[in-house]
Amino acid sequence: MKDDRHPLSRRRFVKAAAVAASALGAADSVRAAASAADVKIGLYSITYGGVWYRGDALTVEQVIGRAKKFGYQGVEIDGKRPHGNPLDMPQARCRQLRNLARDQGIEIYAVSGNNDFSSPIPEHREAQLVYARELMRMTADLGAKVMRVFLGWPGVTLLPGGGGRYDFAQDVWKAEHKDFSEEQTWAWCRQTMEEAARFAGDFGITLALQNHAPVIARGYLDTIKMVHEVASPHLKICFDARLEHSLDEAAVRKAVNEVGALQTLWHFGGEFDRGPGGIVVKGDEKALGEMLGLLDIGYKGYAGFELCHPLPVVNGQTVGLDFVDKNAQLAAEYMRGILAEARKQHA
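Take the sequence shown: its letter number 297 is residue 296 in numbering that gives the first Met the number 0, and every next letter is one higher.
Simulated from the structure, these hints should not be mistaken for laboratory data. Heads up, some of the hints might be wrong.
What the hints assert, rightly or not - In silico BS3-like pairs for lysine-lysine, Cα to Cα no more than 30 Å straight-line: (1) Lys281 / Lys79; (2) Lys68 / Lys343; (3) Lys325 / Lys299; (4) Lys67 / Lys299; (5) Lys224 / Lys79; (6) Lys144 / Lys39.
Because the structure is a prediction, the values reported are computed rather than measured.
Construct the complete structure from the given sequences, taking the supplied hints into account.
In structure tokens, the structure reads:
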């Protein structure tokens, strides 16, 4: 039999050794990042906003209590009524909530804005900028360091008999923008976001731009593009894997690595139930991919659970507060399991 072996020259040996050392170094870097990562689990108050379930909204105090009860480490306050409209949140009220949360061992880690910087009407953009600035003041007064922002947000319509719908606001948004190009809408958003980022610097907080439609059409790639164009240290990213419908779990992990150090907040969601084999999730099956990515980049921050979509109708009635409580409890348990599994795979 012919011997196809070749003697290993010094040059080839050095090259092979360098490649091996580089691979080992990269692996060591990833392990070091994973060890440094500090992913905490938070509860986003929109879950208890009284829109999508049958029943009243909880107060912020009650949301903090639920977070404590279900084992969350922090809460994120939605930046509109009934939880966090700046009109209802003077400094004294913010201080009261901050102290209440601290006494229960709960951190108020973020506020979520519901802003729309995309309007073709200057008065509307300016009004939204004032809202965002006031929300930043509220965020700082609450002791939070992060505020979620959108480029465009159509809104949600609250129905007189309870519940909500997205379609009406979406139709209004589309009609408002139909005579303008995507490029023009993008430019309005960028100009307004540049001002918002300057305000964020004044208040000592970071804005986290979520990869949310409608202006962000290409998901996280558009989000990264906008952050780079604004070029402010006070604007980073809230990457939500659920919104990346074309990506599988491996692609989500890759996307998180591309976002990298810009990642400053994560929302997860879906509906949860307990089955014979453990917790079953519907609607956020990419969480492990995102968590692995977060460990890759050494993420230090929160994964915030939200239940913010039309909920099931059972026996002719929309599910109530008990359904929300069950999901909030199981979501925290599920995400702790995801974090443990991701750390195991990184070990």
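Hint by hint, here is what the structure shows:
A distance of roughly 27 Å separates the Cα atoms of Lys281 and Lys79; the hinted pair therefore holds under the 30 Å criterion. Simply put, Lys68 and Lys343 have alpha-carbon atoms about 27 Å apart, close enough for the 30 Å limit, and the pair holds. Our distance criterion of 30 Å between C-alpha atoms is met by Lys325 and Lys299, whose separation comes to about 27 Å. Restraint check: the Cα-Cα separation between Lys67 and Lys299 comes to about 21 Å, which is no more than 30 Å; the hinted pair holds.
A distance of roughly 28 Å separates the Cα atoms of Lys224 and Lys79; the hinted pair therefore holds under the 30 Å criterion. Using a Cα cut-off of 30 Å, the hinted pair Lys144 and Lys39 holds, with the two alpha carbons roughly 15 Å apart.
In terms of the numbered hints stated before, the structure departs from none.
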